[in-house]
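Q: So the chains spell out like this:
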Amino acid sequence: MSRRILAAVLVALAASGCGMCGRGVPPASPDVVAVMRASVPADPNDPAWAGAPVHTASLLLQDLVEPRLMTPSTAAVRVRAITDGTRVAFRLDWDDLTADDRPTAGHFVDACAIQVPIESAADLPAPQMGELEKSVEITYWRASWQAMVDGRGDAITDLFPNATVDHYPFDAASLPPGTAEQQAMASRYAPARALGNPMAGPRSSPVQNLVAHGPGTLEPGPSTDSSGHGRRLADGWAVVIARRLPAGVGPGGRGQIAFAVWEGSHDEAGARKMRTGWVTLVVEAAR
Amino acid sequence: MSTHDLNRRQFLAAAARAGFGAFVASASSAWALQDPIANPLAVYPNRGWEQSYRDLWRYDSTFTFVCAPNDTHNCLLNAYVRDGVVTRLGPTMKYGEATDLYGNRTTHRWDPRICQKGLALTRRFYGDRRVAHCRVRDGFKRWVEAGFPRGQDGRPPVEYFNRARDQWVRMTHEEAADIVARALVNIAETYSGDAGAERLKAQHYDDEMIQTMRGAGTQVLKFRGGMPLLGLTRVFGLYRMANTMALLDARIRGLGPEQAVGGRGFDNYSWHTDLPPGHPMVTGQQTVEFDLSAAEHARTVVVWGMNWICTKMPDAHWLTEARLKGTRIVVVACEYSATSSKGDDAIVVRPGTTPALALGLSHVILREKLYDADYVRRFTDLPLLVRMDTLKMLRASEVFGTEPAALDNQTHVLAAGQAAPAPGVQRDQIVPAALRAEWGDYVWWDRRTNGPRAITRDDVGIRSPLADPQLEGAVEVTLADGQRVRCRPVFDLVQEYAAHFDPKTTEALTWAPAAAVESLARHLAAVPGTTLFAMGMGPNQFFNNDNKDRDVLLLAALTGNIGRVGGNVGSYAGNYRVALLNGSPQWINENPFDLELDPARPARVRQYWRAESAHYYNHEDHPLRVGTRLLTGKTHMPTPTKSMWFANANSILGNVKWHYNTVVNVLPRIEMIAVNEWWWSGSCEWADVVFAADSWAELKHPDLTASVTNPFLNVFPRTPLKRIFESKGDVEILADVGDAMARLTGDQRFSDAWTFVRRGETVHYLQRILDASSNARGYRIGDLETKAQAGVPVLLMSRTSPKVVGFEQVVDSRPWYTKTGRLEFYREEDEFIEAGENLPVHREPIDSTFHEPNVIVARAHEAIRPAGPEAYGVARDDLSNEVRQGRNVVKTAAETVASAHPLAKDGYRFVFHTPKYRHGSHTTPIDTDMVAMLFGPFGDVYRHDRRMPFVTEGYVDINPSDAKDLGIDDGDYVWIDSDPSDRPFRGWQKNKRDYEFARLICRARYYPGTPRGVTRMWFNMYGATPGSVEGRKTRPDGLARNPRTNYQAMFRSGSHQSATRGWLKPTWMTDSLVRKEMFGQAIGQGFLPDVHCPTGAPREAIVKISRAEPGGIGARGLWRPAELGLRPRYESQAMTIYLAGGFIGD
Amino acid sequence: MARVYNWQIGRDMSYWYPESRPKRQFAAIFDTNKCIACQTCTLACKTTWTSGKGQEFMLWNNVETKPYGFYPVGWDVKLLGELGPQTWTQGAYDGRTIFEAARPGERALGWLPTDIDYANPNLGEDDCLGQVDGGAMFSLPHMSWFFYLARICNHCTYPACLASCPRASIYKRPEDGIVLLDQSRCRGYQECVKACPYKKVYYNAMTGTSEKCIACFPKFEMGLQPQCFVNCIGKIRLAGYVSTPDAARPENPIDYLVHVRKIALPLFPQFGLEPNVYYIPPVHVPAPFLRQLFGPGVVEAIAAYRNAATDLDLSGLLGLFGSTEQVVTSWRREGEVTIGRNDRGVEVVRTPLREPVHIRAAFDPEYAVARTNCP
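Protein chains in written order, with numbering that gives the first Met the number 0: chain W, 0 to 286; chain S, 0 to 1145; chain U, 0 to 374.
Be careful, since some hints might not be right.
Unchecked claim - Listed next, the stretches of chain U that the computed footprint assigns to chain S, with coverage defined by at least 3 CB atoms under 8 Å from CB atoms of chain S:
no.	region
1	28-38
2	68-75
3	97-109
4	242-249
Unchecked claim - Anything over 12 Å on all C-beta distances counts as not near chain W; from chain U, calculated:
no.	residue
5	Ala162
6	Ala194
7	Met205
8	Arg260
9	Gln325
10	His357
For the record, the hints were derived by calculation from the structure and aren't laboratory data.
Idealized CB from N, CA, C, for every residue including glycine.
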């Protein structure tokens, strides 16, 4: 609780945002402006971010559909964007004093996402997960996936260091490790993995492409061209999410984008989140 | 919708086409843009994913095997195999198809037979404590390779014997067998003849023990096949090995087959304190019991100190179903136990006092003349006369000058030198002529003629002539020589003694409410012969266990409840009656000098090995001497223990009573410890050689077992499962050592003794056993194994199914195996008179009492004239533990209750008892994660509190008010210390190194069901070893797991055995008690392993308890469940409402 | 929210989805008087379904000692506390169900356990209410008492897990009413874990999805009882189908015990889920606590059970429990024998009221050997 108040105070104090990247104070911007560069940075630490304007998007409670988030947590997310003309990278920064990257029973993880309409049209989809015939594309980053990408193992002791397990059927001495039989046995004992559920891990990317056409319809997206990289800062997260430019939003063009942030320590997951409405995305023209 | 249908079709097609894998790949994409689901109560669009669970259920094949820890159930289980791995187990559900040779058949009410421990066995087959290959302790290997260097007194240099801290060397089976064979030969040579005797003297062994060896060095080699009935060849084979040691003695001492002596075999049933030692004292045979399915044929079942639903789990339903159908269930326990919750009535008593309860119940029945007079006349010695001058039974020869009568009631008197037929084909009782002459006949007083009359042991049941015997009051009998002696019927003596236990006095001694004693006594007497007394381990693990048996059997006899289907006594602990297959001598005692190598012909039997009670080894390897008196009978006398080789047994070392004294003070005198095991137990920790044995799932040699609680004869079938590690069958391990012995000695017979094992034809040995067994002859091992492979057992061909011991006595008027042919409640032998136990008395427990220990509770009684301490040259007030065992001091109930335990003043105020629980069968398979996490309230597979030794841990159950008084919170860690004079081990004060792993620390659990002053710790958990303590201190996760062996302790240090001790009771060790031999119908006298033999008293300990650490995670604050207000005495407001049912108003 | 009828509480109630009952509803009877807390059911389930990574703590089937036992810790006390004291009137529940008591933004009143709440899975084992301080004699009902409560998913008619899933990834199978959680679609929001009052949905940290009891549907589809039933050595369990009261068939063992004899009662019917595991209440436990757990019918149920000794239909039918792996959908008693038939009308089991006693001749001339009880 006191943590959250402190977080709010910090937000208020934060100048035009990037208090923690320690490389001068970039200009603030009313829109999300994707500045044109030769390449899009993959790492939040990339010096290129220093030159990108910051759009501070304040976050709203998701209180439109059950289950709703009833008490606010993260106040705002600071967004910068860089494009190379085909791909665009967004850097999302937000304050969060608790690093939540262990998804265990009753414990949720920090996460963020960007959302764009699946096709450019005059009338926008509903900002909350789109709607029928007006789908949205979402790229979702999750702190626990980042931890796996950064080297967290796939054993129960990676979550509970003192745990001890006598035996898994797929570890039987008579079943040579790595053989097809052994791997099949291992996935049988994890049905979600056997079924290829993208939540089930282990993962090589901290982000996932999704599509939706309304609350409750979220599904894995067809394209897997997005990438991401999050870094834990002293008192928050800095996450880069890169993807191709949204449909119909080329260099010099304009589009719409929305953001969402989940605060694990506030039991946020799925519809229980802080989110924005549509924000204008401006893509610089090629030089 | 159409897109969705398309997706669904594509997806199912994909699944069908390329099997599951392809389906997996397409599963998520198949969902893209699917319509919102309207009502998942009604329809769900895509259910193809359900295949994943169907696939997890699937298996490639199944096979059966028998799970036989020492729990008496012997469940045939199904193993389910996928990709060559046993992934799970289950019941065969075929017990309802069991038949016998006559076509009798069971019903499916016997199914299912299995338990959670059995289901967890996959974790043992594959787990990291599996004995994967043979191991020899490095120091021991060096000692052998150095040529067995020894000092002047014959002792090996200590540097070779750093047990439990040493490194281990991996070996092949052949190498390990060779090392064991060399050690056996060397140790036998070292202690043979006069030189050997001199060495043993120099090592300060008791002279009697050395004499008992009669020069045979092989007599210091001890063998034990832990609970032989659990595997007739596999486990019992070690006794066959002991028999072949006669070949070694013959070679060492240059003797012939006539003089050679074999090794020594430790006892089993009595070693486990499972034997009710009073049963042979009353009935002349091992134990009275009934198969548990008999419960539903009784009007009343008294569950007496038995936690039936925890220790007899697959047969618990017979009890609950009997109750469902109107049987009254009365549960007597020293707490509100699991089984109490299934009782119509639950009586809570003080631990170790139920002998007095039985006397109290008998008193009411006697006082109100409610006893079954007919049963008393026909089947008991109660009408027979006792001489008050000598306290001996009056003999007919003394009165009438007659010779002992000829016997013809199913009895054959064996002339000297005449050979008895093999046990399995014996029909009549066989009485050696010498004993017959010694016993003579007895005398009763006929009230109709007002004179004495003779009675023989034939005259029982319908042949009993007793119409109107005098039962009460003394008579004066004129002997043939004119002498007149005052005599009293046993009944009269018993009645007078029992009169001291009126309901009020009984309540004062036992805590059982007087009203309960009165009402239960009247209920039991109301309809004679309709009550089953199911006696458990509880009362049997106290020092006064033979008193308990004699008193309870008296109560049962007075109510006509011995030998009837719905009216009997049973004593339940361990699976012991190896005589169920009384052809076993064909295997264990085949004459090694005259082996039969023709499979079609029976073996010629000669027993060269001698039996011995392991309780002497447990009693610091010496007999009981009190002051000037040797109280261990000559027939019981042990020899020094220099080598121990055992199989399938953690009780003899890993979980031995007084474990820490044994490993610190006894083991250093033992020169080889070899173990056949498939799971790394505490015994392996302390061993020198560990042979890797097959698990039950891997047996490649079939074997036999049967049970004392169910009617089945089970075969361990050979299994198709490929051996997972470098294990061999137990019998193959024995054969390997036989071969090695042959190589070392040049005597091929060592090897020939295992010929059929080596040929993979163990079946021949099994068939010999079946052919020679009363209740199995007619069965073919091949047929039995085929049935077993189909999951079907057969019925043992006992006289009845369910088995009912005493049935022949009641129905066929067959004499009991006693001098009088009757149930004998009076014991006239000198040892009993000297102990003040010629009558069935009550003694206080020897340690687990708040009062003066081990006193005989009695009013002045003409027939109770024990030898007091002075007679042994010790002071009357000497209550030291050794002296206490032979201390015969009489006190009245009032004096007893007013007295105090000698350590009470020092804060040792808690009875500490260690019963067995539902989560283990002995210690099997208690240390596997899935079983352990459910064992008690402290389980946590993720070990949030790093202090936990494992995923659960040992704890003491204590009355919440007692704990509060000690400043102990629920869930705290506490120290538990027993008598500092010898526990946890003698000399701990000067030995910090060993004290570190020996002192007991555990959790305290507020347990509302246990009376004040009574604490309980379950018996089943693995204790700490030097290695487990090392693991706890060095591993990052803090697990108490030996870094060298993976041994997993469930205590941070110590164990329940830190508080127990080895105890010897004189009446367990007489040379004079008459009892049936182990196999068959012959009757003998004195020591007999598992029949007349010490049992120890592992439930006896008085302890001090002190707070060690807070229970909260990381030693901060309260244990979480208490903090949350969910524990007794910590209830939150919501919990208080909940307990009262207050969340629903009326 | 829709209005649906819940016969267990004798009234309509609100629920997230409109009423829709499956063609047949999986159901079970548990006789608490025979449960011995051996945990064989627990291990049977665990070794079959939850032996994988992330499932180590997970017990789809658990057995706890009431009143001090819980898995997860305090699961029912906590919810009852939030719901507050409620009442029944003439067999109808006039309190609030968890759907009716839902907080704003929620679909049901619930609470979310954290991983440490699953520690101590056998908390309170054998702890009795009513401290025993010395010698005592207890007769029925026992003044110190505990009893064992075996628990699986209740495959409710109105599941809270199903109602609470924002993705509608939990569904009821129309053919048998088994409630399943789609492992290919779940995104691990744990809304179902929070909403299930029985706490029978579990989050798997290694797969990022929630998992639950599946009533061994791969077996049930084959006409076989689930693992925790077949392995129950206390023989306390019978699996089958339950009808609504108006459609009860006396020859259906479950209908007979639930609707005709009324000796088997739902667990916490007041929560409003119409759970489909029915418990024969323990005869030795005082009524107030039992009413709180099983509703108003406990006194009558216990009276009927205590009368089974003379009620041969009842004792006969109860004798079928645990005697066959197959699902018995009809039964009949013929004198001393009770017969069970499967869905196809094939006899699959017959049990006698009492197991026969076989007495053999003392001497067997064919094999020239004595047959003895004292060998």
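Q: Work down the list of hints and note, for each, if the structure agrees.
A: These are the hints, each one checked on the structure:
no.: 1; hint: 28-38; verdict: holds (count 6)
no.: 2; hint: 68-75; verdict: holds (count 4)
no.: 3; hint: 97-109; verdict: violated (count 0)
no.: 4; hint: 242-249; verdict: violated (count 0)
no.: 5; hint: Ala162; verdict: violated (10 Å)
no.: 6; hint: Ala194; verdict: violated (9 Å)
no.: 7; hint: Met205; verdict: violated (7 Å)
no.: 8; hint: Arg260; verdict: holds (39 Å)
no.: 9; hint: Gln325; verdict: holds (26 Å)
no.: 10; hint: His357; verdict: holds (42 Å)
In the structure shown, a violation is registered for the earlier hints numbered 3, 4, 5, 6, 7, in ascending order.
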